[in-house]
Amino acid sequence: MIHFVVLFSRQGKIRLQKWYEARPDREKKKITRELTNAILARKPKMSNFLEWKELQIVYKRYASLFFLFAVDKSDNELITLELIHRYVEVLDKYFGSVCELDIIFNFEKAYFILDELILGGELQETSKKAVIKQIEFADNYQEEEIISLALRDVGLI
Amino acid sequence: MALEAQEKVMDFMNNARQMMTEAVDRVKMPTPMRLRDLIRAIRAARTAADERAVVNKECSQIRNSFATEDTMWRCRNVAKLLYIHMLGYPAHFGQMECLKLIASSKFTDKRIGYLAAMLLLDEQQEVHLLINNCLKVDLNCPTQFVVGLALCTLGSIASIEMARDLAPEVEKLLKSSNAYIRKKAALCAFKIIRKVPELMEMFLPASRSLLSEKNHGVLITGIVLITEMSERSPDTLNHFKKVVPNLVRILKNLIMSGYSPEHDVNGISDPFLQIKILRLLRILGKDDSDTSETMNDILAQVATNTETSKNVGNAILYETVLSIMDIQSESGLRVLAVNILGRFLLNNDKNIRYVALNTLLKTVNIDANAVQRHRATVLDCLKDPDISIKRRAMELCFALTNTQNFKIMSKELISFLQAAEPEFKAQCSSAMVLSAERFAPNKRCHIDTLFDVLKTAGNYVRDDVVYNTIQLISAEMADLQPYVVHESWKAIRDTENCTEKQPLTQVSCWCIGEYGAFLLDGISVDGENLTVSEEEVILVYQKILDATHMSLVTKQYALVSVTKLSTRFPRATPKIEKIVSSFGSNVQIDLQQRGVEFKQLFDSFDHLRTALLEPMPPLERDSVMTHLDAAESDPIPSNDEGQEVNLLGDMCFTDSKVMADPLANVGNGQTNGHTVAGGGLFDLLDSQPSMDLGTNVIMDHNKTNNTLLDLLGNLDACPPSNESPSLNAENDLSNSLFGPSALGSTHLPSQNSMDLFNDSSPVVASSESMTVLSENGIKLIFEFCHGPAKDLELKITVKLVNNTEKDVSSFEFHVALPKSMQLMMPKINGGIVIGANEEKNINVITIKNPNAAVLRLRLRVSYRFQDISTPFNHQVEVNDFPAAMCSW
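Chains A and B, in that order, are what the protein sequence lines are. If you use numbering that gives the first Met the number 0, the first sequence corresponds to residues 0 to 156, in order. If you use numbering that gives the first Met the number 0, the second sequence corresponds to residues 0 to 887, in order.
For the record, the hints were derived by calculation from the structure and aren't laboratory data. Heads up, a few of these hints could be off.
Computed spacing ranges between beta-carbons, pair by pair [as the list claims (entries may be wrong)]:
hint: 1; chain 1: B; residue 1: P384; chain 2: A; residue 2: E143; range: 17 to 27 Å
hint: 2; chain 1: B; residue 1: T67; chain 2: A; residue 2: A40; range: 39 to 49 Å
hint: 3; chain 1: B; residue 1: D263; chain 2: A; residue 2: D71; range: 44 to 54 Å
Every beta carbon over 10 Å from chain B, so not counted as near; a handful from chain A, in silico [claimed, not checked]:
hint: 4; residue: L54
hint: 5; residue: K92
hint: 6; residue: C98
Values in this document were obtained by computation on a predicted structure and should not be read as measured data. Built from N, CA and C at the ideal position, the CB exists for glycine as well.
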């Protein structure tokens, strides 16, 4: 099971964090600080895995952004890398060649996409297409709602 | 018609009016900054202080907006708050607002509201009760997106209560006709079961039908759910064994089916699903040969047919190998699996090498021989620059070491130790010691390895290595001691900077001190003839003792050792005497004390020196280890104590338990039972507060006898047969010296010293007592009914004595113990009152010491004299309990 996901920049700034288990805020902060430091200190040629307490950390860098997934020790590290890649692919498709700024300015979208891909710490959809489709559906639904509310506001419907 | 038109006009007018008022309202209260603009503003901040200013300003506006119940901008404000929260600023004040958003009818609001709930709330929050109701409503909503949001939130932040409350809803959704909802419900069920396992049964029927799905999303979530249930309950595990053929079929279809663009990853069809199936198969097939049988073929197929040029393929192979090794698979299949790992080890990709090492480590217990074949490759991985890989490789190397390959492995591991990062050195050296103990083919090889470890790991060596080595040399290397002492000599002679290899120096000093006589004999080691002159040894000692950065412990070892050498090196004795006496004025109080005391051995008690400085009897392993454990488990080890423990290995046994051993061996009637009490005496010499006492006594009383006691206390290593006559002779004197009157207010257990020197009457002090506090004529005395019982409990009666002419009131006392112990003390309401010249028992306390740690406590006392209004407060530490009463 995935325990938490953190996206952070090369400067160690958190860009997204998602927790699938309850921890107090202060502890979350401590963990992210500790892990970002540990990973930023690693050299690019090292493996993408890190043991950390009772969990293992699988991380990968895409351009200026690090994607970190904390999974159980019994989980398959290699497929977790694929899972990270899947998330990046979906982001890429959604934003159209995604970059760090897209995620900064549209962080809520990045969360929505992650929530469509992973639920409760487990992968819920293995089809890339389906994830994108569902996000787009939800976006459209939201847009239609906004338009219809606006129209209702001005009394056109 | 005209009426209708009129109505329309009226409507239009009304709307226009409403829009006008709204517009005016908006002008009155400025539109809050957009999220995008806030992010820009924050990113534009040049310094952390600037950023903080922007955030604080925005936060206060958001707060205001929240306070005025502004619904129009609530969504935007919460979104901004989420960004601020991500930057690490507090955002708890938005918690109620996200609930309001969730309760809104608008999807936009709900989307942000639920997102905020997942980020800002966690299980501990009380707002959960409120969110529960929203979730219940939304789970029954007809819109799939709203249900999806609710399920997602439940999956993220489900608490135990939530899980119980909403499980029926989730179970209903698990049977929904909509795949989008079914898959989410399956994962929610997974989460609920993790929280409240007893809810499992409710989901059993629905979960099985998930396996007949076509939709991969539902399939994979269903498999995750079934895996979780099977891992949690053996009954469910048996129940699901029936689905193995279904799983095999699904897996087969995945491998056999051609290219399906939707689920393809680098030419492999849905690796995520494949891996979840392989994992479930592993759990179902474990320890069950029939079930294993049904999956043998498919595992073989996956293992042979998977394309391995890409990471995905290897991910599947990795999972397959784990399954093959875990179930009751055919031997051929196992060979195949280990070969796959062998190929992994040679892979260029570090991740795959890491995984291979990890898996080999798991399988080494199952099939050690198969793993042995890859030893060379594993050894290569020790040189990998990646810490994760290196650590795995190191662990695997230790797992692979056996008697046959010990020499090769230890050589490699020593060179690894040499180059390794500091974080590895301690762990590796301790593991080497254990490994040598188990697998070294002979004693010589064993001791050589230990010296190699000490030499290469320098100061990173843990203390346990020092103890273990000394104990080993003392107890098990009797025939090798001449060799060891020469090795020790070479080690300290050739080490340029002993401060960087202090553990080595300590062991070497100990050996030379004990067996220094062999040094002069000369020995031929590996064709090299060694002869050592007394002068050069003493020179090296001088160097060690003078080194500024040498730790106190090392110097203690060296000083004791050089003193011992005075009887082994007859010609160097004057020189040694000079060194020892030079410590009489050392700034380190412990060394100074040793200097002063040892000096006596050269002056007034020269005749006792030879006997006192005899080599130690073989150290017993357990006693050393126990003491070490005790020291480690002690939650507040003071500096002094730690050193006391370290010294254990050299010559004075501070601990009564350890001390009892060599003495009891002699079977001398006098030692029987009573010597144990001597621990208190040694305290006199070993810890600082009592040191003062020692010197005081020297001033006041008959000098010779006292110093003799000092020496005996410190150097109990001499054979008891020598010791006893002199002890008996001092009987009376010791009584008077340590009698209660002489001791007055000190912490020294008076009875103690007498015990050691009294005749052999078997009255084990049935009620020992010690004065723990004596101030202003008020005395607090601890009386021990008996030593610690079998259940490690010690009962102490607390007696209060008032020697003054005044009444004392409001007497209160508090006791604090180290964390490892428990205190039971009946509470006394109100302060105790005690009249002039009265004494009474005020309480009985019980101390439980489950870890048998060294007993210490801190005492706080307050009281008032009748005629003085200000209370007196005292705080004392009591750590010199009578040994007999606390030898756990």
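Hints and how they fare:
1. B:P384 - A:E143: 17 to 27 Å: Roughly 55 Å apart at Cβ, these two residues miss the hinted range, so it is violated.
2. B:T67 - A:A40: 39 to 49 Å: Given a distance of about 47 Å, which is inside 39 to 49 Å, the answer is holds.
3. B:D263 - A:D71: 44 to 54 Å: violated (27 Å)
4. L54: Non-interface label on L54 of chain A holds, nearest chain B Cβ at 14 Å vs cutoff 10 Å.
5. K92: holds (14 Å)
6. C98: holds (14 Å)
In this structure, the hints that do not hold are numbers 1, 3, in rising order.
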